[in-house]
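S.K.: One-letter residues, chain by chain:
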Amino acid sequence: MFGFRTTLPRQTEIALGLAGLLAFFALWHVTAVSGWVKPQFLPTPWAVVEAFGRLFTERNFAVDILISVGRVWLAFLLSVLIAVPLGLLMSCYRAVGAFVEPFIDFIRYLPVPAMVPLLIIWFGVGEASKIAVLWMGTFFQLVLLIADDTKRVPAEYIETGFTLGANQWQVIRDIITPAALPSMVDNLRISLGWCWTYLIIAEIVAASSGVGHVIWSLRRFVKTPEVMAGIVAIGIVGLLTDQAFRYVHRRRFHYQDTQ
Amino acid sequence: MTLTLETVSKTFRGDGRDVEAVTPISLTIETGQIVTFLGPSGCGKTTLMRMVGGLETPTAGTITLDGARLTGPDRRRGMVFQSYSAFPWLTVAGNIRMGLKYRSGLTEAEQSEIVSDLIETVGLKGFDDSYTNRISGGMRQRVAIARTLAADPDVLLMDEPFGALDALTREHLQTKLMEINRRAGKTTIFVTHDVEEAILIAHRLVIFSARPARILEDIDVGAKLGEAREQSLRDAPDFLDLRRHVQTVIRAEFARAQTDAEHV
Numbered sequence: 181m182f183g184f185r186t187t188l189p190r191q192t193e194i195a196l197g198l199a200g201l202l203a204f205f206a207l208w209h210v211t212a213v214s215g216w217v218k219p220q221f222l223p224t225p226w227a228v229v230e231a232f233g234r235l236f237t238e239r240n241f242a243v244d245i246l247i248s249v250g251r252v253w254l255a256f257l258l259s260v261l262i263a264v265p266l267g268l269l270m271s272c273y274r275a276v277g278a279f280v281e282p283f284i285d286f287i288r289y290l291p292v293p294a295m296v297p298l299l300i301i302w303f304g305v306g307e308a309s310k311i312a313v314l315w316m317g318t319f320f321q322l323v324l325l326i327a328d329d330t331k332r333v334p335a336e337y338i339e340t341g342f343t344l345g346a347n348q349w350q351v352i353r354d355i356i357t358p359a360a361l362p363s364m365v366d367n368l369r370i371s372l373g374w375c376w377t378y379l380i381i382a383e384i385v386a387a388s389s390g391v392g393h394v395i396w397s398l399r400r401f402v403k404t405p406e407v408m409a410g411i412v413a414i415g416i417v418g419l420l421t422d423q424a425f426r427y428v429h430r431r432r433f434h435y436q437d438t439q
Numbered sequence: 187m188t189l190t191l192e193t194v195s196k197t198f199r200g201d202g203r204d205v206e207a208v209t210p211i212s213l214t215i216e217t218g219q220i221v222t223f224l225g226p227s228g229c230g231k232t233t234l235m236r237m238v239g240g241l242e243t244p245t246a247g248t249i250t251l252d253g254a255r256l257t258g259p260d261r262r263r264g265m266v267f268q269s270y271s272a273f274p275w276l277t278v279a280g281n282i283r284m285g286l287k288y289r290s291g292l293t294e295a296e297q298s299e300i301v302s303d304l305i306e307t308v309g310l311k312g313f314d315d316s317y318t319n320r321i322s323g324g325m326r327q328r329v330a331i332a333r334t335l336a337a338d339p340d341v342l343l344m345d346e347p348f349g350a351l352d353a354l355t356r357e358h359l360q361t362k363l364m365e366i367n368r369r370a371g372k373t374t375i376f377v378t379h380d381v382e383e384a385i386l387i388a389h390r391l392v393i394f395s396a397r398p399a400r401i402l403e404d405i406d407v408g409a410k411l412g413e414a415r416e417q418s419l420r421d422a423p424d425f426l427d428l429r430r431h432v433q434t435v436i437r438a439e440f441a442r443a444q445t446d447a448e449h450v
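Listed in order, the protein sequences are those of chains A and B. Read in the numbering used here, the first sequence has 207 at position 27, and its numbers run on one by one without any break. Read in the numbering used here, the second sequence has 249 at position 63, and its numbers run on one by one without any break.
Derived by calculation from the structure, the hints in this document are not laboratory data. Don't take every hint at face value.
Derived CB-CB ranges, DEER-like [as the list claims (entries may be wrong)]:
#, chain 1, residue 1, chain 2, residue 2, range
1, B, Ser-302, A, Ile-262, 52 to 58 Å
2, A, Tyr-427, B, Gly-253, 32 to 38 Å
3, B, Asp-424, A, Ala-278, 56 to 62 Å
4, A, Thr-357, B, Glu-206, 35 to 41 Å
5, B, Arg-442, A, Asp-366, 34 to 40 Å
6, A, Thr-211, B, Ser-322, 32 to 38 Å
7, A, Gly-183, B, Ser-302, 47 to 53 Å
8, B, Glu-206, A, Leu-254, 56 to 62 Å
9, A, Phe-283, B, Arg-320, 39 to 45 Å
10, A, Asn-347, B, Leu-419, 20 to 26 Å
11, B, Glu-403, A, Asp-328, 43 to 49 Å
12, B, Thr-257, A, Thr-357, 37 to 43 Å
13, A, Tyr-427, B, Ala-353, 58 to 64 Å
14, A, Asp-328, B, Arg-289, 19 to 25 Å
Not the full set, but computed from the structure, chain A residues with beta-carbon under 7 Å of chain B [unchecked claim]:
#, residue
15, Glu-193
16, Glu-336
17, Thr-340
18, Phe-342
19, Leu-344
20, Gly-345
21, Ala-346
22, Thr-357
23, Pro-358
24, Tyr-435
Note that the coordinates shown come from a computational prediction; the quantities given were computed from them, not determined experimentally. Ideal placement from N, C-alpha and C gives every residue a C-beta, glycine not left out.
Next up, chain B with everything else stripped away, as it sits in the complex (with noise of 0.2 Å):
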């Protein structure tokens, strides 16, 4: 499932003033990339996330999905947010079960075995009848992650999943997601501020500028790191190289970006 956008922009309407939130933007994702967007808050790339995902609309140009051009939501491409969205009147297996409940053709066994797989690759096992308010903040978004991976998208799209997660927490779910990723394969759009998250999990990061979003740099780090990832990469020298050099062209972005504000 290769995922395309050509020269997609997004301008909110306001009243009396325009924003331009994104500049035309085209990109390619192939099969299986997790691809990670890294930006200054509010840059807009998260709107470029949802346009993908069909919860906005673009400006001007197309998304297709190996040819077959995309508008409004659907099972398609499946979304994890930044707040806990799991559903605190369902329990964890209930969640992950509103995942297949608009898919067609399965059976209650086969949906009974996907639910305790799903549950048992986030590791929630023994929770399965736990509601969503007595677990913790890790847990509900893990739930999330699962309920997401229920529905079988073909597009997987993160908006700063583990944002409101401790570090060790965080660590532990980025582990998870790699792991997960390599086990189901699906192409990913993952949407963060923390440069080590964006580098550690990626196979390909894409740098966007201050608002309105254009992009910056597009660095395969697959070439430079590896397909292998696990937490002690961050010590690595390679790792350490491109962490240094994904932050200064962040600081310089910054840096333009206020003198830019200034000078308005």
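Bound-form chain A, shown alone (with noise of 0.2 Å):
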């Protein structure tokens, strides 16, 4: 089992994880009942499950998870529909990278939480700061996540488009955006994961609704469980969306993997 860089058949790796996970419930739960550490810092395994259905029974938590996954989706939609058509644009054409990159290299290296108050300040404690925060966070690596990989696009294929007799927006539509979406993809599904970080700094600090809200506002009470159960079901949800992009991925760009 202990093989120098070897692979294991599918079996142990399944039981292999399961076992991680089952000691890590374990050690928590003995240390819950131990009383090393008060019930109200550690609560037991089981009580964040059981806090977890009473946030769907007794506090709707279901409509706050739609609401932070639409704003999520809207703010990386957003950043999408912006960052893709530039990214190409910036790989294609040096003076629109010359021109953009500075620029956004500076914006990526601020903190976005530092830039939640002036947001505030901008837009207003409603729903069009948190969008903003959310596309703060994710459309400035995006758009050069995007240049990136249409920079890495074989020049070959590139010249092959033109000497087939393609134009330039030809070959960018036929050639290179075809020949990049895999890696796109796989960047979108990556930069979907930041906007739920920044989804909840943004709920945390102004919102009065969202899975930040809600797990902000139980902290108040020190309501641990439920804190926790919500903090478990962001997982839940980032790990559902991961999955279904790997799925999508997996069926839509099979010709990758080869025999």
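Each of the two chains sits in its own frame; use the hints to bring them together as a complex.
M.R.: In structure tokens, the structure reads:
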């Protein structure tokens, strides 16, 4: 089992993964019931599971999740809608790249949480400021990733396009885009994950709904099990989204796996 | 379609120092000829061919096709690259269809017919719907050739297209190429550094010097070996004589380039 750089049978892999999770929960449970840590700081795993159920039955948590998911997707799509064409242009026309890259690199290093007060002054405490926070957090990273993806398209593909008679626009549409699409979709998946990080920040600072708001308001009553359940809920939504993306990727880009 | 190069040269401008890749070269290639460019690696023969394809701009000189001056790349000059350039997101048929995409005036029925004809020509029947990651390197290269033929270029430019293939596949594709050329009669420039390949498939063989490229010899292979070619020609006395001669020229040039390099 401990062969150096060997592979393991699928069942062994799964068993080890489950054992790891089980060990984590066992350690957690033992710590919680042992009395070393006060229950209001560390409830048992089961208490968190019960709190998870209560969130849905008593607090209408499903609505908050839907609101948060809606915010994430709206901001994410707004990012994608601008980042994909701009990234393509940046890599195809050096002038566009040279014009916007220094600016984007500068913005990219500004910590998004630090922008929150400014964005609230600009957009108020309504939906717009939350969308703005998420957009700021993803757009500037995504546009550079998209530009890199398109830059990595082999020169031969592009030159083939031109010698088949395509013009620049046709090369972008028929060759660069489909060639870069698999890695673009991968990067979209990753930036959707960032959206969730910034969502919680946005909802903690200024919101009256959403997962982040729920977690933050429960904190005031030291409802630790509910707080933990809320965090777990985010993890589950994230995991499901990620898996859905991977599934679509495998189906749509099946030609990438060689035999 | 007569392809004419008139004192075409290329100098790459680098950081602080210029590299002369091609000295002024003049060359006229007649319709339907296969001309092979042979020379040491990195000598500038590929650069010369890329200039014909419009993928590099000559520093000086002009390239004309039937008198019309050529600049950027277009459908008149089709290119086949050394690396496998078949598009992985398309099937074999889809790739070949890309060659028709920018041609106008073809009905759907005509397009389908051209695609299936070309699939047959390059010997890929039954692989129409295979994605190119699932087929061998030799088959992928045949897809690239068929795709270029689909665009119906006046001039076919091939940059060591069989360079990455094993010897057997290579011979097979050489035979195929000669067959295709007989049928389609495309003016072809074929860059290689394999001496036998350069002689076998050529009507005419141009040997280049080490960088910067200059023509060392321009051999009318057709006159020496005749038009009919098969792999078995490799053992014919005329072929062996020619091969020996070409190798002598190449070796002498290599030795000269080495001494030059040592004296710099």
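S.K.: All the hints need checking, so say for each whether the structure fits it.
M.R.: For each hint, the structure was consulted:
Taking 52 to 58 Å as the suggested C-beta distance range, the pair Ser-302/B and Ile-262/A does not conform, at roughly 43 Å. For Tyr-427/A and Gly-253/B, the Cβ-Cβ distance of about 58 Å falls outside the hinted range of 32 to 38 Å, so the restraint is violated. Distance hint check for Asp-424/B and Ala-278/A: the Cβ-Cβ separation is about 58 Å, which falls inside the suggested range of 56 to 62 Å. Distance hint check for Thr-357/A and Glu-206/B: the Cβ-Cβ separation is about 38 Å, which falls inside the suggested range of 35 to 41 Å.
Range check, Arg-442/B to Asp-366/A: Cβ separation about 51 Å, and the 34 to 40 Å hint is violated. Here the CB-CB span from Thr-211/A to Ser-322/B is close to 58 Å, at odds with the stated 32 to 38 Å. Roughly 51 Å separates the CB atoms of Gly-183/A and Ser-302/B, a value that falls within the hinted 47 to 53 Å. Taking 56 to 62 Å as the suggested C-beta distance range, the pair Glu-206/B and Leu-254/A conforms, at roughly 57 Å.
Taken as a hint, the range 39 to 45 Å holds for the pair Phe-283/A and Arg-320/B, whose Cβ atoms sit roughly 44 Å apart. Distance hint check for Asn-347/A and Leu-419/B: the Cβ-Cβ separation is about 43 Å, which falls outside the suggested range of 20 to 26 Å. The hint said 43 to 49 Å for the Cβ distance between Glu-403/B and Asp-328/A, and at roughly 46 Å that hint holds. Checked against the hint of 37 to 43 Å, the C-beta distance between Thr-257/B and Thr-357/A comes to roughly 26 Å, which is inconsistent with it.
Taking 58 to 64 Å as the suggested C-beta distance range, the pair Tyr-427/A and Ala-353/B does not conform, at roughly 43 Å. The supplied range of 19 to 25 Å is broken by Asp-328/A and Arg-289/B, whose beta-carbon atoms lie about 33 Å from each other. About 26 Å separates the beta-carbon of Glu-193/A from the nearest beta-carbon of chain B, more than 7 Å, and the hint is not met. Checking Glu-336/A against chain B by beta carbon gives a least distance of about 4 Å; that is within 7 Å, so the hint holds.
Given the 7 Å rule on beta carbons, the hint for Thr-340/A holds: about 5 Å separates it from the nearest Cβ of chain B. This hint holds: Phe-342/A has a C-beta 4 Å from the nearest C-beta of chain B, less than the 7 Å allowed. For Leu-344/A, the interface hint holds, the least distance from its beta-carbon to any beta-carbon of chain B being 5 Å, beneath 7 Å. The beta carbon of Gly-345/A is positioned within 7 Å of a beta carbon in chain B (closest approach about 3 Å), and the interface hint is therefore held.
Because the closest C-beta pair between Ala-346/A and chain B is about 5 Å apart, less than 7 Å, the hint holds. Because the smallest distance between the Cβ of Thr-357/A and any Cβ of chain B comes to about 10 Å, over 7 Å, the interface hint for this residue is violated. A hinted interface residue such as Pro-358/A counts as satisfied when its beta carbon comes closer than 7 Å to some beta carbon of chain B; here the least separation is about 5 Å, so the hint holds. Annotation: interface hint on Tyr-435/A holds; nearest CB of chain B at approximately 4 Å, less than 7 Å.
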